[in-house]
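Number of protein chains: 2
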Amino acid sequence: MLAELIMVGTELLLGEVIDTNSAYLAQRLAELGVDLYYVSRVGDNRKRIAQLIQQAHQRADLVIISGGLGPTADDLTKEAAADAFGLELVLCEDALAEIEEHFHRLGRSMSENNRRQAYLPAGGKALSNPKGTAPGVLLELPEGKAVIMLPGVPVELKAIMEDSVIPYIRQVLGEENGAVIYSRILRFYGLGESAIDDMVQDIIAAQTNPTIAPYAGSGEVRLRITAKAANECEAIELIEPVEKQLLERLGPYFYGYGDEGLEIVVSRLLLAQKQTVAVAESCTGGLISHKLTNVPGSSGYYMQGAVTYSNAAKTAVLGVDPQILAEHGAVSGQTARAMAEGVRKWAGTDIGLSVTGIAGPGGGTAAKPVGLVYFGISYPGGTKAFRRQFAGDRLLVKQRTALAALDILRRHLLGILEEGLED
Amino acid sequence: MLAELIMVGTELLLGEVIDTNSAYLAQRLAELGVDLYYVSRVGDNRKRIAQLIQQAHQRADLVIISGGLGPTADDLTKEAAADAFGLELVLCEDALAEIEEHFHRLGRSMSENNRRQAYLPAGGKALSNPKGTAPGVLLELPEGKAVIMLPGVPVELKAIMEDSVIPYIRQVLGEENGAVIYSRILRFYGLGESAIDDMVQDIIAAQTNPTIAPYAGSGEVRLRITAKAANECEAIELIEPVEKQLLERLGPYFYGYGDEGLEIVVSRLLLAQKQTVAVAESCTGGLISHKLTNVPGSSGYYMQGAVTYSNAAKTAVLGVDPQILAEHGAVSGQTARAMAEGVRKWAGTDIGLSVTGIAGPGGGTAAKPVGLVYFGISYPGGTKAFRRQFAGDRLLVKQRTALAALDILRRHLLGILEEGLED
Chain A
126 MLAELIMVGT ELLLGEVIDT NSAYLAQRLA ELGVDLYYVS RVGDNRKRIA QLIQQAHQRA
186 DLVIISGGLG PTADDLTKEA AADAFGLELV LCEDALAEIE EHFHRLGRSM SENNRRQAYL
246 PAGGKALSNP KGTAPGVLLE LPEGKAVIML PGVPVELKAI MEDSVIPYIR QVLGEENGAV
306 IYSRILRFYG LGESAIDDMV QDIIAAQTNP TIAPYAGSGE VRLRITAKAA NECEAIELIE
366 PVEKQLLERL GPYFYGYGDE GLEIVVSRLL LAQKQTVAVA ESCTGGLISH KLTNVPGSSG
426 YYMQGAVTYS NAAKTAVLGV DPQILAEHGA VSGQTARAMA EGVRKWAGTD IGLSVTGIAG
486 PGGGTAAKPV GLVYFGISYP GGTKAFRRQF AGDRLLVKQR TALAALDILR RHLLGILEEG
546 LED
Chain B
126 MLAELIMVGT ELLLGEVIDT NSAYLAQRLA ELGVDLYYVS RVGDNRKRIA QLIQQAHQRA
186 DLVIISGGLG PTADDLTKEA AADAFGLELV LCEDALAEIE EHFHRLGRSM SENNRRQAYL
246 PAGGKALSNP KGTAPGVLLE LPEGKAVIML PGVPVELKAI MEDSVIPYIR QVLGEENGAV
306 IYSRILRFYG LGESAIDDMV QDIIAAQTNP TIAPYAGSGE VRLRITAKAA NECEAIELIE
366 PVEKQLLERL GPYFYGYGDE GLEIVVSRLL LAQKQTVAVA ESCTGGLISH KLTNVPGSSG
426 YYMQGAVTYS NAAKTAVLGV DPQILAEHGA VSGQTARAMA EGVRKWAGTD IGLSVTGIAG
486 PGGGTAAKPV GLVYFGISYP GGTKAFRRQF AGDRLLVKQR TALAALDILR RHLLGILEEG
546 LED
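Residue numbers (my numbering), protein chains in the order written: chain A, 126 to 548; chain B, 126 to 548.
Quick caveat, the hints were computed from the structure, so don't treat them as lab data. Heads up, some of the hints might be wrong.
The list treats identical chains as interchangeable, and a pair is accepted whether it falls inside one copy or across any two copies.
Computed list of lysine-lysine pairs in DSS-like fashion (alpha-carbon distance at most 27 Å, straight line) [what the hints assert, rightly or not]:
#: 1; residue 1: Lys172; residue 2: Lys353
#: 2; residue 1: Lys399; residue 2: Lys283
#: 3; residue 1: Lys256; residue 2: Lys493
#: 4; residue 1: Lys369; residue 2: Lys399
#: 5; residue 1: Lys172; residue 2: Lys256
#: 6; residue 1: Lys270; residue 2: Lys172
#: 7; residue 1: Lys270; residue 2: Lys369
#: 8; residue 1: Lys283; residue 2: Lys353
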């Protein structure tokens, strides 16, 4: 199957919005083994959109269009698709009912504009949108070809893609008796992309099926192992020995699979071990607690946390001795330790986790530069402190600090945490 | 002048790399007043690249191609451009000298592959690359049209664009006596895209220069006002009366400009009014504190915050009366009020802000469904509570709750916060 993407929106042509939808769509199509030769971007212009749709429809089996399904007058994708194939727009009662239901659920009244979103090119099928009002559209055309329209809001596009489009493509591919492309992603923390590449370069170079591709994310590295086979089972059989080979070398840095972040792995360990944790945050300002509570069911291990930004708060809430703050400073191993012990006592949990550092851009000195962070972890057997130096701006330092803290917690729970700082 | 972009690279079609070059190029072109109707992306395939170049050259005055100028065998942009216009590739001595000089400076020896980078389509002019080996290419064609090729490495692309391409475009435009395009973005919270559209549709429809385009983000709406004029000053003169007209109707929902989020607007108000705030979070789990501390200088208004996830924590840390929790539940206006008062007292701040709700996916009931959130704000003059119902998954509910809390704080600081719930 050959696909083509059309990304609609004048904001994309003005460079005001970076198009991330097409990368997501391209990845999902690649995983399904669908080829992609062209991606086009066009403004909110009915004639130009229609021309692109016609051209893409000639070149490809499946055209996926993103954007231009909103309620306003400059949302013209369905009109353009209707033009491209000489169709009328007709009201889809099911889609209308779903949009009405969406507004009803929110207790808000529906505007006349939202009614427009229930009109589809004749013969089109509405694809349910669980995250918003604009339904997607599937338009099946002669010669086994199809055009799919999705909203440009990323969360809505992804939801319809996962719920409706991918099952549809799988079904069509099944009928075509195509090969599947199946990927498994391994996630690593604590090694850079080039270090990982150095360690397993020979394995990567020797592989043709499956192939191995490294990617760097924000503070972590992923290896994607991709196999092509007659079906998913056979693909997995190809992947597993390669995964084993990789983990023999990279095992200590491996933490999980697919789209499961560190917080999910940590939450699973906490629940399995019936351990509770409290977090005292300074430079991350609540981000670690936010990540830990992003996981459904987090109330099983997380009851409370403190953001102690000022020195006074560190003393008043966590009982950090002002002497420690005066002698070693707020950004020190001693303070991190006292914070971890303090928050554990304050919350009555099994584990206390703390961070204190300089997120920048201000506040750095030669001895304690921006990006310097101390971590503390306190548990029934003792307390450890760690020191890390991060690069990047304020938000990156916060993100990297939160990941590092979660990894310390993970290693503690697995019993593989290193010795901490000596004093 | 009408331009068109072609982004070359198979990695872009696999979704492995997010294309940021086209957003940068689009922005720079918009600033110069150059129109852009299409952006296309294509893999490392000589025939397909050549076809796209021909099509773009027919549709536009200036075609800018990014990528495919590297030293390896799958870098085919110059070959494809030569094919498109029936030209030979010829050695450019100046370009060769510059590549040799680059390697000499790095103390590295030059490979035969790098010699390939000095070959250009006949008639083409090398554009000096201060950041790498691949020179850009300017190919001037009949009827005042041109094709420009740039390397795909963002830092190299930008350097050649700034040093050579923008001066070239300015020179051509000077001859054409061109205009600039200037945009201003207004940000709104508390109204959906279609509701805003309903309220100002007549203004949008009546405008041709500037134009007005709405777009929806995560929980907020932006209106972009774009003017075309001889220079930036004249563009601003066109924009300002339209902005005034829009704000006459949408003023209460307007909160800021450009890329400044609610947390930046709130932090500016807090600092200006010398007010401090503490946050007690339940369902957001630290996200509001994280957002407030994303702003540099946040220690000027933020000292501490609490994540009180469990009922026990609400009572132990914030002093919420167990009677209130038993009678009204943790997710209630009464609890939100008690949390706001409690956190203000606990932290000794001017303002206490609280949220308590059901982020899901579990924990909802018919009376208190997933997405139901109560907010509290306590200040020297009193305490108010608010109720909101959000749609979306756990992360979306957290994000939307955090935005709503920041907006309540903003409105309080501006003295335009509504009356709260009655009991």
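Status of the hints after comparison with the structure:
no., hint, result
1, Lys172 <-> Lys353, "between (38 Å within a copy, 22 Å between copies)"
2, Lys399 <-> Lys283, "neither (34 Å within a copy, 43 Å between copies)"
3, Lys256 <-> Lys493, "between (45 Å within a copy, 20 Å between copies)"
4, Lys369 <-> Lys399, "neither (29 Å within a copy, 58 Å between copies)"
5, Lys172 <-> Lys256, "neither (29 Å within a copy, 41 Å between copies)"
6, Lys270 <-> Lys172, "both (22 Å within a copy, 24 Å between copies)"
7, Lys270 <-> Lys369, "neither (40 Å within a copy, 49 Å between copies)"
8, Lys283 <-> Lys353, "within (24 Å within a copy, 35 Å between copies)"
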